[in-house]
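Protein sequences, first through last, are from chains A and B.
According to the working numbering, the first sequence is numbered sequentially starting from -4.
According to the working numbering, the second sequence is numbered sequentially starting from 445.
Derived from the structure by calculation, the hints contain no laboratory data.
Here the structure is a predicted model, which means the values were calculated and not measured.
Treat the hints loosely; a few may be bogus.
With a straight-line cut-off of 30 Å between C-alpha atoms, the simulated BS3-like cross-links for lysine-lysine are [as the list claims (entries may be wrong)]: (1) Lys543/B with Lys504/B; (2) Lys57/A with Lys543/B; (3) Lys543/B with Lys6/A; (4) Lys11/A with Lys73/A; (5) Lys73/A with Lys543/B.
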Amino acid sequence: EAGVVQSPRYKIIEKKQPVAFWCNPISGHNTLYWYLQNLGQGPELLIRYENEEAVDDSQLPKDRFSAERLKGVDSTLKIQPAELGDSAVYLCASSLVEADYNEQFFGPGTRLTVL
Amino acid sequence: GNSVTQMEGPVTLSEEAFLTINCTYTATGYPSLFWYVQYPGEGLQLLLKATKADDKGSNKGFEATYRKETTSFHLEKGSVQVSDSAVYFCALMPSSASKIIFGSGTRLSIRP
Chain A
-4 EAGVVQSPRY KIIEKKQPVA FWCNPISGHN TLYWYLQNLG QGPELLIRYE
46 NEEAVDDSQL PKDRFSAERL KGVDSTLKIQ PAELGDSAVY LCASSLVEAD
96 YNEQFFGPGT RLTVL
Chain B
445 GNSVTQMEGP VTLSEEAFLT INCTYTATGY PSLFWYVQYP GEGLQLLLKA
495 TKADDKGSNK GFEATYRKET TSFHLEKGSV QVSDSAVYFC ALMPSSASKI
545 IFGSGTRLSI RP
């Protein structure tokens, strides 16, 4: 079974440019997460989707970040415009919500460098 | 609020040494506790979990026991291998939420 797929794996852009990341979750998983991982830190949740609905976007900086999950399957995270401080790894995860526990499966991440 | 504090790295050990990585947490209610591992160039993988007090999670020779009285979930392995070199993250999921809160990670390097 394929795991969570993310692309691109690496992206280098100039500041003020836009950038987008794509995630395809594990087939059948209804919940999708985007995390931000700064160097030397643990991941922090940006947004969580249940199907098409963003149920927790309280940590998403909405002035420059946006996300969508059309049709409740794959998702795109966008930054416009990018700033130097956005350099980090962006992780996508998915899970199937069950009765008492929903294990999250992580993709390999997209490493963003803003110059 | 909810938070996780884990041992700072890097931790360097010789092969076959005993490993302990300390982790303590702050949470309301009864969170689930996890250890995730990130091997070089790979995504985060769940290593083990415990969902209630006194539960012991185990996998690949690693163990951790959910200690509510000390709010701890220390990771242990009796004999480490070079292939265990990775970054290890302690994490919790609050009982009232689906989000995972991670510690800052501990880099482990094992010398042959």
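Here is what the structure says about each hint:
Only pairs whose Cα atoms come within 30 Å are accepted, and lysine 543/B paired with lysine 504/B is accepted, the gap being roughly 26 Å. Straight-line distance between C-alpha atoms of lysine 57/A and lysine 543/B comes to about 19 Å, which keeps the hinted pair within the 30 Å bound. A threshold of 30 Å between alpha carbons decides the hint, and for lysine 543/B with lysine 6/A the separation of about 27 Å falls inside it, so the pair holds. Between lysine 11/A and lysine 73/A, the direct Cα distance comes to roughly 13 Å. Compliance with the 30 Å bound is thereby established for this hinted pair.
For the hint pairing lysine 73/A with lysine 543/B, the CA-to-CA distance comes to about 21 Å; that is within 30 Å, so the pair holds.
Every hint, counting from the list given before, is met by this structure.
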